[in-house]
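Student: First to last, the sequence lines map onto chains A and B. Using the working numbering, read the first sequence as starting at 1 and increasing by one per residue. Using the working numbering, read the second sequence as starting at 1 and increasing by one per residue.
FYI, nobody ran anything at the bench for these hints, they're computed from the structure. Take these hints with a grain of salt, some might be off.
Taking lysine-lysine and the DSS-like style, the derived pairs with C-alpha atoms no more than 27 Å apart in a straight line are [claimed, not checked]: (1) LYS24/A x LYS49/A; (2) LYS102/A x LYS3/B; (3) LYS112/A x LYS70/B.
Non-contacting residues of chain A with respect to chain B, defined by C-beta distances greater than 12 Å in every case (computed) [unchecked claim]: (4) GLN42; (5) SER52; (6) SER68; (7) LYS102.
If you're wondering where the values come from, they're calculated on a predicted model, not measured in any experiment. Glycine residues also receive a C-beta, built at the ideal position from the N, C-alpha and C atoms.
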Amino acid sequence: AQSVTQPDARVTVSEGASLQLRCKYSYSGTPYLFWYVQYPRQGLQLLLKYYSGDPVVQGVNGFEAEFSKSNSSFHLRKASVHWSDSAVYFCVLSHVNTGNYKYVFGAGTRLKVIA
Amino acid sequence: DPKIIQKPKYLVAVTGSEKILICEQYLGHNAMYWYRQSAKKPLEFMFSYSYQKLMDNQTASSRFQPQSSKKNHLDLQITALKPDDSATYFCASSQERGSGNTLYFGEGSRLIVV
Chain A
1 AQSVTQPDAR VTVSEGASLQ LRCKYSYSGT PYLFWYVQYP RQGLQLLLKY
51 YSGDPVVQGV NGFEAEFSKS NSSFHLRKAS VHWSDSAVYF CVLSHVNTGN
101 YKYVFGAGTR LKVIA
Chain B
1 DPKIIQKPKY LVAVTGSEKI LICEQYLGHN AMYWYRQSAK KPLEFMFSYS
51 YQKLMDNQTA SSRFQPQSSK KNHLDLQITA LKPDDSATYF CASSQERGSG
101 NTLYFGEGSR LIVV
């Protein structure tokens with residue numbers, strides 16, 4: 001079955017430090033992959049999206065993600081985090097299964113940026 | 001300005017009562033969805049609609065009934081409310097129903113059942 005695993009439920013980093021949030025997926029085909037961010041008391045917002053081409057995809061606010069088919073991963077990175085990046089980040093897999101289109105969400109990683 | 005409007009933002013309901021959550025999207029999208037987020041399950045897919053037609057239903061309980069009166073509306077009626085229904089309900093939309101379409105989310109309706 002298709003699945004998305006975000007192994008880190010919580011991550012704490014210092015402001016200005018680099019960040020990597022991990023995402024592993026399980027899907028036999030070529031998936032659409034997304035990263036979404038959810039700020040407190042808000043809905044989810046798209047950070048970036050990948051389907052094909054350059055495995056490193058750029059997103060908003062300095063975020064990027066790297067797709068690895070061999071590792072079944074889609075890790076999110078940022079070179080230097082800001083306190084405003086504190087939020088919950090979701091990795092999402094989109095695919096079609098028996099005619100139904102599915103979005104499979106990871107459990108989310110709660111990022112806390114400290115001074 | 002928010003492009004997906006959900007009403008109400010917060011509501012408290014009594015066990016056994018009925019509530020309707022409103023969702024309107026002004027993105028011109030043809031597909032709309034309901035998701036639920038609670039402490040127990042991070043984000044749970046409930047329904048998808050395409051051109052006002054129910055396409056997928058992953059909600060086991062018939063107490064949850066989506067209603068689409070207009071192309072850009074997808075309301076959610078919940079009957080016989082239970083405390084376990086307490087959650088934030090998110091409406092989302094995409095240009096079309098299909099893999100790779102970006103989902104756009106509303107800000108959610110937070111429901112507390114007492």
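Student: Each of the hints needs a verdict: does it hold here or not?
Tutor: To see whether the hints hold, each was checked on the structure:
1. LYS24/A x LYS49/A: Satisfied, since the Cα-Cα distance of roughly 15 Å is no more than 27 Å.
2. LYS102/A x LYS3/B: holds, 23 Å
3. LYS112/A x LYS70/B: Roughly 41 Å between the alpha carbons, so the hint for LYS112/A and LYS70/B is violated.
4. GLN42: violated, 6 Å
5. SER52: violated, 10 Å
6. SER68: holds, 19 Å
7. LYS102: violated, 8 Å
Hints 3, 4, 5, 7 from the list above are not met by this structure, while the remaining hints are.
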